[in-house]
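Visitor: These protein sequence lines are chains A and B, in that order. For the first sequence, this note's numbering assigns the number 1 to the initial residue and increments by one for each residue that follows. For the second sequence, this note's numbering assigns the number 1 to the initial residue and increments by one for each residue that follows.
Just so you know, these hints were derived from the structure itself, not from any lab. All figures in this text were calculated on a predicted structure; none of them were measured in a lab. For glycine and all other residues, C-beta sits at the position ideal for the given N, C-alpha and C. There may be inaccurate statements among the hints.
[What the hints assert, rightly or not] If you want the footprint, here are the derived chain B segments under chain A, 3+ residues with CB under 8 Å:
1) 41-47
2) 52-61
3) 81-92
4) 132-145
[As the list claims (entries may be wrong)] Okay, the calculated bits of chain A under chain B, using three or more residues with CB under 8 Å as the criterion:
5) 22-32
6) 41-55
Okay, here's what each chain looks like letter by letter:
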Amino acid sequence: MPALLVVLLREADGPAFTPFSINPGVILWTVVVFLLLLALLWKFGWPAILKSVEDREKRIQQQLDEAERARAEAARLLEEHKKTLGNARGEAQEIIARAQALAEKERQGILERARAEQEQLLERARKEIEEEKEKALLALRREAVDLSIAAASKLIEQNLDSAANRKLVDEYLDSLEKRQ
Amino acid sequence: MIQAPDIGKVIFEHTSDSHVVELPFGLGEWHLPTGWYVFGVDLSPTKHVVFMVLAAVLVFLTVWYAGRQVQRRQQEGKAPGGFGAAIEAIVLFIRDDVVIGNIGHGGEKFAPYILTLFFFILYCNLLGLFPWGATPTGNLAVTGALALMAFLTIEISGIVALGLKGYLTTIFFVPPGMTGALAALMLAIMTPIELIGKLVKPFALCLRLFANMTAGHFVILALLGLIFIFASWGVAVGYAEAPRRRGGGE
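Construct the entire structure; sequences and hints are all you get.
Guide: Structure representation (structure tokens):
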């Protein structure tokens with residue numbers, strides 16, 4: 001590599017530059033430029049980005065926590081509603097059963113009463129009929145007696161003098177006497 | 001046949017520092033002032049210093065603009081998006097996977113430093129990809145200064161975190177329960193190793209960055225130099241006959 005030799009020899013003459021030379025001035029420049037850049041970015045560059053990112057991270061975390069809380073709350077409410085619904089259903093069943101029992105009892109009672117009343121009515125009707133019959137018989141008998149008396153009186157008026165009739169009355173009177 | 005240029009010289013001149021900045025779009029060259037001696041140190045700016053300052057300005061503008069955008073969207077209650085979100089993704093990657101991933105809990109306070117370092121080195125590296133650009137990180141003085149600052153940051157924060165006594169045990173280390181001659185032997189062996197161990201990482205990283213940048217440009221320039229050595233575009237498609245025919249034609 002003659003070129004490398006040439007360059008290296010030339011550096012021996014004076015402050016010429018090669019890729020491998022170390023210039024103390026450039027070291028100082030680097031330190032100054034880098035520290036200046038670091039200071040500027042530390043103040044104006046990184047906080048803007050890093051703070052925004054941290055804020056965002058915090059916000060997302062917050063929202064995640066909140067979502068978790070809301071989920072738990074919703075689950076709790078659902079459980080509660082389910083329990084309430086079950087209770088209500090049981091209560092309704094109970095109410096219906098109780099109403100059914102009550103209605104049955106009422107029906108039985110009404111039937112019982114109706115039957116008794118009917119029985120009573122029948123009894124009374126029968127008694128009345130009996131009484132009426134009794135009364136009618138009595139009246140009929142009285143009428144028959146009256147009629148027979150009238151007929152007898154007519155007969156008596158016509159045949160009182162006949163000997164046969166006299167005999168008949170005597171006999172009758174005898175029978176009456178006998179009966180007593 | 002035309003004279004092949006001295007590609008090695010071109011590569012060295014392009015990669016090394018100088019007092020001349022090439023300007024794009026045919027604007028010529030910018031000759032930087034020389035001879036700023038302060039206490040015997042040449043503080044005159046060089047090409048790499050110019051590009052370093054340019055990188056720093058670009059980094060500041062990028063981060064500042066991105067931060068403003070992120071903040072504005074945050075305040076407006078919008079989801080992140082746009083240029084700010086792109087920079088934010090890089091920033092978050094560095095913060096969460098590089099800084100906190102390597103330093104562990106409590107590494108957040110080093111995030112601004114590491115982020116600045118990352119973007120500064122990134123922009124310095126990228127500036128070298130412009131045809132008239134130069135890579136400040138391809139200069140041992142630049143990487144050396146960054147390594148020095150990193151070394152000081154590490155050791156000073158070590159002293160702050162552990163206290164001076166605790167920090168010294170990271171250099172003069174005696175395993176618990178070891179006393180007497182064995183402890184002295186342990187100290188004699190381990191102390192240089194611990195000291196070297198503290199220096200090795202910044203030193204190795206300084207050399208690695210410099211070597212990668214320089215070697216990368218060497219490779220690019222060497223491949224581009226093939227064009228001028230063969231004086232033909234034919235090399236691009238592996239058509240090696242081109243220079244011979246051209247030489248014969250003249």
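Visitor: So, against the hints stated earlier in the document, which numbers end up violated here?
Guide: Hints that this structure does not satisfy do not exist here, as all of them hold.
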